[in-house]
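A.B. asks: Protein chains in written order, with numbering that gives the first Met the number 0: chain A, 0 to 255; chain B, 0 to 348.
Just so you know, not all the hints are guaranteed correct.
Restraint-style ranges between C-beta atoms, simulated for each label pair [said to hold, decoys possible]: (1) A:R252 x B:V16: 23 to 31 Å; (2) B:E92 x A:I233: 51 to 59 Å; (3) A:R4 x B:I11: 23 to 31 Å; (4) A:R4 x B:G265: 47 to 55 Å; (5) A:N123 x B:L9: 36 to 44 Å.
Simulated crosslink set (PhoX-like; lysine-lysine; CA at most 20 Å straight-line) [what the hints assert, rightly or not]: (6) B:K164 x A:K43; (7) B:K164 x B:K154; (8) A:K69 x B:K347; (9) B:K235 x B:K135; (10) B:K316 x B:K347; (11) B:K122 x B:K143.
Hints are computed from structural coordinates only; laboratory data are not their basis. Each residue gets a CB set at the ideal place from its N, CA and C atoms; glycine is no exception.
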Amino acid sequence: MKRERTGLVKIASIIFFLFLWHLIASLELFEIPTPLKTAETFFKLLTVGEPVLGRTLQRHVISSLGRVLKGSLIAFSIGIPLGIAMARSEKFEGFTSTLIELFRPIPPLAWIPLAYIFFRHLENTSVYAQIFIVFVGAFFPAVLNTISGVKSVDPILIDAARTFGATRFQILTKVILPASLPMIITGVRVGLGVGWMSIIAAEMIGGSASGIGFFIWTMYYIGGDTAKIISGMIAIGIVGYLMNEGLLWIERRRAY
Amino acid sequence: MRWRFIPILLAIAMLSVLFAGCVESEEGNYVYVAKLSPAGEMRAEMLSGDIDGFIAWEPYNAEVVVKGEGEYLIQSGEIWPDHPCCVLAVSDEVAKDEKLLTALLWAHVKATRFINDPANHEKVVQYAMEFTGKDKEVVEEALKHIKFVEYPDEKEFRKYYERLKESGFLQNSIKDLGYASEDGFFKDFLMRNAYDYVVEKLREDPSWIPDAPDREINMGHLTADLHELAWYVALKEGYFQQAGIKGNLEKQYANGPAVMEAFKSGELDVSYLGGAPATLKRINDDIRIHIVAGANNEGSAIVVKKGSEIKTIEDLKGRTIAIPGFGTVQDFILRMALEEHNLEVRLKD
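Same shape as in the complex, but just chain B (with noise of 0.2 Å):
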């Protein structure tokens, strides 16, 4: 009757392997993370003290600035410097439309241009007022650490990839979605045929403007997200009506997470997101999108409350920073600045 003690060793060993992953040691180098909507929670649960400091889009980070509320701790840009951000993402079918990316693209560029110019900037303040509902100064402080582009650096944004496949976001190869390499697959998500054109034809005609497209779309961006103001310029300013564009163009999201979920329903053609949730579920889910132009590089940034003794990214050991979403690109920026200075991420209760 040896082996009966079998099943009562396996017991044991089973109980000390459940009992070991109840246990988290306090000891590591750890930050703690909470998912917190930059919209209004962000700023009140750090003036409660409830969290030590986030990591959101502008305009959240300049209004806690500018309100004297807040410090920043470090910009996106001094974290990984000309980082791509947000993206104009389309779907399969409109990937396949040239006429209404055309259209599609000559707005985002009218606009961005328009964004770029400084004889514009008066008005661009107005917009930016107008986009995300701050007063003045706020969105001038803002607009100061955002670069809005025309489209993003192919190397810099397959970083985003390369990361995600590192610290085991990603749960599907390129392979599975059918690619046979990682450039194939890039050819196709990163899509700069229609940009190019549209520059080409700019060039030549700086006055030209592309045939109206045949048919309606919705188009998404995040609420009041002010990487996305080439999105509130070119409505406003009315290229898209020039273009041709209609359909619902004013659909807002949470954050990019939630527009892939919306291009999986079907409920989305077009929309500007965030490229890391892009990328992730893009390989993930298998939701057929491609990026056909940027929005902006860098624009984010860690802040603490003002006064606070965090001076350094290695003083948030310990402490609770608050980002939008698991997956979105100020995770990522975070778990990037932490991972230098062999700093941990880990889930606040």
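Excised from the complex, chain A in its bound form (with noise of 0.2 Å):
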């Protein structure tokens, strides 16, 4: 019954946000197309594509994603092994964590310059400067959750485990790694959702040419179909949206 309820109230609150966007595009307030326009577009983008770039709107979402999935894969695979060193030794904190809190707020899109600088005369320049870029935005999250759950390991649990005579490899395996499991797949979904943000601004700016944020952007450089821009912003949305729950029910699972 409970339940029910708050799914009513989840559509109700689309249902006024649809409405309320109708009102201001009929009224003219901004120069926006209606819902249903949009919606048409969108459907459109789906199915034929858009001939300027002569592909479909899920096309598009696949380059950026593929892109993403390269970054953060980098950054978890450095970010969570860095995460559990840096809580495990107090020296290498020491030595780390201020460079660490230097470099986090340096946002992503600030690297963008720089990273085509350092990709300069590799081929493709700015597939790697996007790799590198939602690298830079996905690692942060990874590395400060997986501090964060290994040190709320419980001590007693990492005593009991040496009195038993575990070795310390043991002790990193069966023991912090599982307990820290949730927090570091936090540090996943969080980190995902930072390179996703970050991989629609690269591909916005300079020699990128291909994915969602470079499909918005030519949209609006031709001009004259706001509804293609917000279809695009649409399907960041709901990719961005996906995302996030998929890996919330993950962590869910884990949780029992």
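Reassemble the complex: the two chains are provided individually, in unrelated frames, and hints are given to aid placement.
C.D. replies: Shown next, in the form of structure tokens:
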């Protein structure tokens, strides 16, 4: 009963939003297409695609998503071990934490020009630069969540394992990792979210020539069809939402 | 409870639509396009093998050919003979300022005639070298493929509009912009009166110099685009100065759509740019500009790497060609060439 009611509230909020949007569009408060017109364009982009770039919306999303996954995978495979090491060794944490805290406030987007310079001599400069920008975005949430996950492991569990003669490696794999996994997954979830936001912005700048961000920018550039721009934004929203919900679902399952 | 199946069926239908759009068949007749800057990027990526060729404005095509790194596949003049390319456009405000318009047209016509006078060849080559930063051999080769004109042929120019409309680039119609007919629109868009006036005055008295305009202007052109040499000649031969044209005359842009954005924000009063982006953005974004003169016809080319297996347009199937931007003259010409051979454009990842 209670669950049904929250479901209804959720639907009501979407209907309210669409109504508001329709009102703003039909009163011409801003120059935006109505929700219905946008839905029509969105559906067209999914089925027949768009003539200028000659491709469907899904294909644009896939090329962005591919780069996000590559960049975040690298970020996680460096960030998570680093986080564990920092949480386990006070000396190592002292050595690295200041650096991490200094680099963390620099937004991924501020790295764009430098990234292009880094990879200037490689063939696909813009692709490498974008993967790097996603890496920067996904790295810090992964490190910080891993640290707090590992630190929150009950010391009694570790002591108990040690008393039973567990080796350092066994303590790491059998006690610390399982106990801190929910927080690590949170780090992965937040990192992917930041990475997804960064790639869209990176695709709008400079030498980039594919992906959903590039699609939106090109539609703006060619001009005249705001519904296509909004459709691209909706696609970004849906993909971000699904990624987040998917990982939340895994988090919840791991919690038991 | 039969209708419980309806949402499930709907969901399945939705998912199959989603998945169908994810797959791109590899079997079609596609040519992949990548957006790159002609200045530097195109040549570098062709040499590294990232792209198979490119279509750019001069002097970038001539440059790779002269250096022995690339060869012409086809000149744009062979794809569409005498096609208009770069034009001189002014904002709505400037279009109403007769004095300013006359001065601008005078400088443009003088500069174009200077370029086309064979007696000035040495000087023109010198100016072309300075403007583009390329060496003598390159600009001499490039100049061979450009026809500098004073006014574009209206019938040919309208092809841009027709083709843009056919291939789905245009989001607005002429009627949305408040014109009753296409003829009415083009009469306003391609303004010829100032040009005709200046030509007539110069015919009567070749040494005629118009009155100085009352206001300063911001004027733009595309970076090192040899098509727009008239701008550089007018500056260096002192035609702007003689006509009393003042202001920031040296603003540079990367491509035509960028010029149109600058017109939209009011950053530009006058600029040289390609005819395709001018038409596209004039209609799609209702950016009120008027074309008051032509700059050149032809002068773009598809080039491929030296020794490439690509010998004909059909050979481009499955290959990657770089363009300077979507909606540019070069994008337009490439699509035109491909369509004739039943090839389609597709974005490169």
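A.B. asks: The structure should be examined with respect to each hint, and the outcome stated for every one.
C.D. replies: Against the structure, the hints:
| no. | hint | in the structure |
| --- | --- | --- |
| 1 | A:R252 x B:V16: 23 to 31 Å | holds, 30 Å |
| 2 | B:E92 x A:I233: 51 to 59 Å | violated, 38 Å |
| 3 | A:R4 x B:I11: 23 to 31 Å | holds, 28 Å |
| 4 | A:R4 x B:G265: 47 to 55 Å | holds, 53 Å |
| 5 | A:N123 x B:L9: 36 to 44 Å | holds, 40 Å |
| 6 | B:K164 x A:K43 | holds, 18 Å |
| 7 | B:K164 x B:K154 | holds, 16 Å |
| 8 | A:K69 x B:K347 | holds, 18 Å |
| 9 | B:K235 x B:K135 | holds, 18 Å |
| 10 | B:K316 x B:K347 | holds, 13 Å |
| 11 | B:K122 x B:K143 | holds, 15 Å |
Violated hint for the displayed structure: number 2, the only one.
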